[in-house]
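Trainee: The lines below spell out each chain.
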Amino acid sequence: MPPESARPIGLFAVGLALALALASTPVLAQPAPPPDVEPPVVVEHVDAVYPPSALKDREHADVVLALTVDVDGHVSKVDVLESAAPDLDEAAIVAARQWTFVPAKRRGKPVASRIRVPFHFAPPAPPPELVTPAPAAETTLPSQPAVQQEPASAPAPAPAPASAPAPAAVEEVDVFGRVVRRKLGVADYDVTLGELKAVPRANASDALKLAPGFLLTNEGGSGHAEQVFLRGFDAHEGQDLEFSVDGVPINDPGNYHGNGYADTHFIIPELIHSVRVLEGPYAPQQGNFAVAGSADYQLGLDRRGLTAEYTAGSFGTQRLLVLYGPADAPAGTFAGAEFYTTDGFGVNRQAKRGTAIGQWETALGHAGVLRVNATAYATEFNNAGVVREDDYAAGIVGFYGTEDPAQTGNTSTRASLSATYEGHFKDTVVSQQLFVIDRSMRLRENWTGFLLDVQEPTQEPHDQRGDLIDFHYDDVGVGARGFARWHGEALGLNQEFEGGYFARLDTTHSTQYRVAAGSNDPYATDADYQSTLGDIGVYVDGNVHVLPWLGLRGGVRADTFLFDVLNNCAIQSVDNPSESMAAAQINQSCLSQLENGNYVEPILRTSTGSAAIMPRGTVVVGPFDHIEFSASAGDGVRSVDPSYVSQGIGTPFVRVESEDLGVSYNGGVGAIRRTLPSGATVAMPVDLSLKSEFFRTHVGQDLIFDPTEGRNTLSSGSSRTGWSGAARLLGPFFDVAANATLVRALFDTTGDCSPYCGLLVPYVPDLVLRADGALFQELPWPIAAHPVRATVGYGVSYVGRRPLPYGQVSDIIFVSDASVSLAWTIWNLRLSGQNLFDSKYRLGEYNYASNFQKYLPEPTLAPERSFTAGAPRTILFTVSATLGGGS
Amino acid sequence: MSAAMRSRRSLAPIVGVAAALASCNGTTGDTLLAFSAYASGVAGAAEPFRAGNFTIQLTTARMHVGALYFDEAPPGTGFDGPVCIASGVYAAQVPGPVDVDLLSTAPQEFSVYGAGTADTALSWQVWLTDGDVNEVNVTPVVELEGTATGPDGAVASFGAIVTINDNRSHGSSDPAQPGNDPICKSRIVQIGGLDLTFSPGGTLKMTVDPRIWFTQQVDPIDFSAGQLPPVTDPNCLSADTAVPVSPQDYALAPETPPPSTQTCGGSGQPCCSDDAGLGTCLGALTCNDSICGPTFCIPNSSFLSGSDPGATAGVDLFSEIISSAPFSVRYGAQP
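Chains as they are written, first to last, in this note's numbering: chain V, 1 to 887; chain S, 1001 to 1335.
To be clear, the hints were calculated from the coordinates, so they are not data collected in a lab. From the three backbone atoms N, C-alpha and C, an ideal C-beta is built for every residue, glycine too. There could be a bad hint or two in this list.
As the list claims (entries may be wrong) - For the chain S half of the interface with chain V, some residues (derived, Cβ under 7 Å), not all of them:
#1 Thr1027
#2 Ala1067
#3 Gly1116
#4 Gly1179
#5 Ala1311
#6 Thr1312
Claimed, not checked - Have a look at the derived ranges for each label pair, beta carbon to beta carbon:
#7 Thr1120/S - Thr560/V: 53 to 59 Å
#8 Gly409/V - Val1138/S: 56 to 62 Å
#9 Glu579/V - Pro1074/S: 28 to 34 Å
#10 His462/V - Thr1241/S: 19 to 25 Å
#11 Thr1120/S - Asp752/V: 19 to 25 Å
#12 Arg1330/S - Asp752/V: 32 to 38 Å
#13 His462/V - Val1138/S: 20 to 26 Å
Claimed, not checked - Stretch by stretch, here's where chain S covers chain V in the computed footprint (C-beta under 8 Å, at least three residues):
#14 226-233
#15 449-459
#16 518-531
#17 574-588
#18 806-816
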């Protein structure tokens, strides 16, 4: 057996050091606690109207205003910081003067403040929008403003109304923003957690449930990637979804266990500001693994200052979280570190985890932003694996038990470093990102018990030694992505064009051994692949307006995939071994011989490269009275794992074609009058968004879980047809979201479809429902003159019956989660419960042959039902305190 | 009407279509099933039959079957190698034992239910084992007792206790392929030529015809005097070092004629001392250790030398026991 290559641990160490450095630097640089300042929050905003006088030129333009917000939340003064044209400046000023705010506060008392708000004018549709962190439709803009205390020489304070105490000084609030992508139709979900953070979420992946159709399960233990079901795809470890965090890829390329394996546990949930979910492959920006869609986590820290949080609860669970966001820095500057440990809810479910994320965001030049992000993450966890239904029924294995207690010692690490520059240059926006990633993971799983250890002629006679898999993966990847987007006028209408690229190079090493029960000695090599992988993508994307109400968005993307694979265990059996040669290789897995004694090294190097050209486009019609229609179509691609390349596959990817037809509504549904602490009454709008879409996706070769290999393997082509819908109602004291997806997944009826022709794709739920709700309100009983804010969150998931192999169906899943929290001054107390009604549910169910030899003298070789248990009721209590960032 | 209400109304048809879509049925194909499994002998097995120059009357024929497995693949060349658990997909299994009286046609139920899928099996395996198929087995796979009447009218009583341990396989002698002949290979009978479709609600019945063990041999066993060793011979008692037996172990058959009419003991009964004198048994039975039982054994070994009495008979009987010919199976509504 060739020795494993030396693992490059240097990058991990560097990443860890940088993450900790970024996490600690602001703290060290802050000699005293930052001023206790809360920024103003937009209550009502009015869009600027593109002035008729400017229509003749029909130009895009940016106007940047400085607004002085008085203690009543009104705009008392407007200064033009960046002018476009007099008429455009005036239009922006007129709109801005109508904005109302919850005023900024210093140590809980209203103060006047100054904020910087850019207006972007684009004629004639869509209406003027903000180029600020959140879309214009949201009423809480800027949702993540950074607060910067103005020095004594700050601009003069606005005159304070006689009814309000005059502030001693004016606070200036700068708004840092990200480049906001255009919406790509109904299948484009910008999932902003907002107050729905109150709904208990076990990890970062749980945030995806706010987008329609997401079902997440985790059968591999706390550190194992989530199994993601979306639009009828069963991404066993997330590989049918392109995951990224602020553009940095998460999916593992070349991972033999699951090519595209996406472990999102390194993301601290409290640092998620939003997730942009694109269902389907309709945007040219989407790359490898965007089969069911893509999800990009955008990080940000709402709670400024230094926050320390401790959680304890069921099953010995403890979590210590430290977050820091300098009050005088933008939301994109933060640091967070987490320690987590649990005994788990049953046998073999212990886990411990450490995570650190640091990000620094700063203005660069006149119109640019630079973000540097570092992450480091390490976890060790056990895995209970599957339980046979007959063993559970016979009382041999408990519901939360394990068939093989040796599934321990699983690990996962990740370190990454990225730098992103985004800048506005007149009519062009540019973005450039560089990243480097170091990943490793080890998994020990036993799906089949004692079934697969076939006696080979060149092995000493042996009993079944057990099928425990010991898998290991290493990856070092470097890459870059960037784009330039030009906006201007053509054909008398607003047009945009974007050109971009994605480039990534990885060196990976996957090994998989079989380990003997009892001794834990590896006795066979399943796989040993060292790979160099390249993925270079280039795209053009347009936003063409043919008519004021008709937009064509899309373009084409081309990805070139390169695989150079060294199989270190290319020959594992020989039908007619030479006596002399075979004798020297008794019991070895990787043989150095061909038939009849011809010598050959046990390795095989294979390389291939191929390109995929993928047109993608969306037609957007509207909006008409806040209603917009869209139709999308696009091709996607998912690369294969290196073992298929080693087997001689010429095209190292699978193609996907998808279509989507949808309608959406985004608008207000009235207002609720609220009285501010100052006594003023304001009308706070209630926003409603609704989406409905039909979709169809065909994939050339589907991935189906193969328990004998412990991973998904390629099968025949399949199609998904379905509908999904989502609704979200956001008001001054509530935030409610619900979504549903119906889907039907069928294997192809033509082509090389045997033996699945026309059958249902197993494991895909036909119906997924999810609802989240949060109520938040200041209680009418202040304590020591400080208000108490209460938040109640509730979430419920329903997963319909999933078809299982052999014509079976699974049970349904119905789980409720809830939390109650109270915030007072710097303190926050939270009580949360997941699986509130202690439902005993089966997270995953399977029908396949396994043999765990519990009570029968002879093996079981025919398929039987197995399951993985969902977590029972889990109660957690959290206390946190925030210093230096406001209450 | 508000915009939101208008929007809701516009979604109604979509929801309706979606509901219809969800109501569509489908299947992943196939189905899981469970069934009862039985084993028995065949009609006529308890009657005298001819094997070569001898007429054989079996008075006892018992077989211990460890398990049955039904493979969707035909028997492959792989089984000629060391494979005991084929790599194919198993359509059904009866993973537990039954002790079958092969002289009875009554269905005798396996100790466990069968389970499987509604698929067609093209081959099957009979596991002649008691416990781990790769470990030492103590329980005899076959126990026989009977008489053989020669052309001259001479009657010889015989017994056979068949075990499968190192008396049947010494493993591979090829140092390059030490795993080429594991003991499990000797304990598993793989049978092809099957086209058996399982379906819910069925019952499995396997039959074994013990007569074939004698009639199919190219050179039928010679029961003439001196051709088989007496049951007191070491080759009858300790050919399998893991399972030593006594002469009394060969006395298996039920008493015949009934005790009320007998003048001396039948097989397995104490030797008569009152009317026939101690050590005397009726017919062809012999008194050994005060028990009437068969006179000769078919040796429990495949490795006796050619000069040993019954050396060929031991090999031939075992070869027929682990051949496919005596076995048949059907799956239907009734056992």
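Trainee: Indicate, hint by hint, whether the structure satisfies it.
Mentor: Hints and how they fare:
1. Thr1027: Where the cut-off is 7 Å and the nearest Cβ of chain V is about 5 Å from Thr1027/S, the hint holds.
2. Ala1067: Holds - the Cβ of Ala1067/S comes within 7 Å of chain V, reaching about 4 Å at its closest.
3. Gly1116: Holds. Min distance 4 Å.
4. Gly1179: It holds, given that the least Cβ distance between Gly1179/S and chain V is near 4 Å, below 7 Å.
5. Ala1311: Violated: closest Cβ of chain V sits about 26 Å from Ala1311/S, beyond 7 Å.
6. Thr1312: Status violated, d = 28 Å.
7. Thr1120/S - Thr560/V: 53 to 59 Å: Given a distance of about 46 Å, which is not inside 53 to 59 Å, the answer is violated.
8. Gly409/V - Val1138/S: 56 to 62 Å: 39 Å, violated
9. Glu579/V - Pro1074/S: 28 to 34 Å: 30 Å, holds
10. His462/V - Thr1241/S: 19 to 25 Å: 22 Å, holds
11. Thr1120/S - Asp752/V: 19 to 25 Å: Given about 22 Å between the Cβ atoms, the range holds.
12. Arg1330/S - Asp752/V: 32 to 38 Å: Check passed, 36 Å falls within 32 to 38 Å.
13. His462/V - Val1138/S: 20 to 26 Å: 21 Å Cβ-Cβ, so the 20 to 26 Å window holds.
14. 226-233: violated (count 0)
15. 449-459: holds (count 7)
16. 518-531: violated (count 0)
17. 574-588: holds (count 8)
18. 806-816: Check passed, 3 qualifying residues.
The structure fails hints 5, 6, 7, 8, 14 and 16 (numbered hints given earlier, in ascending order).
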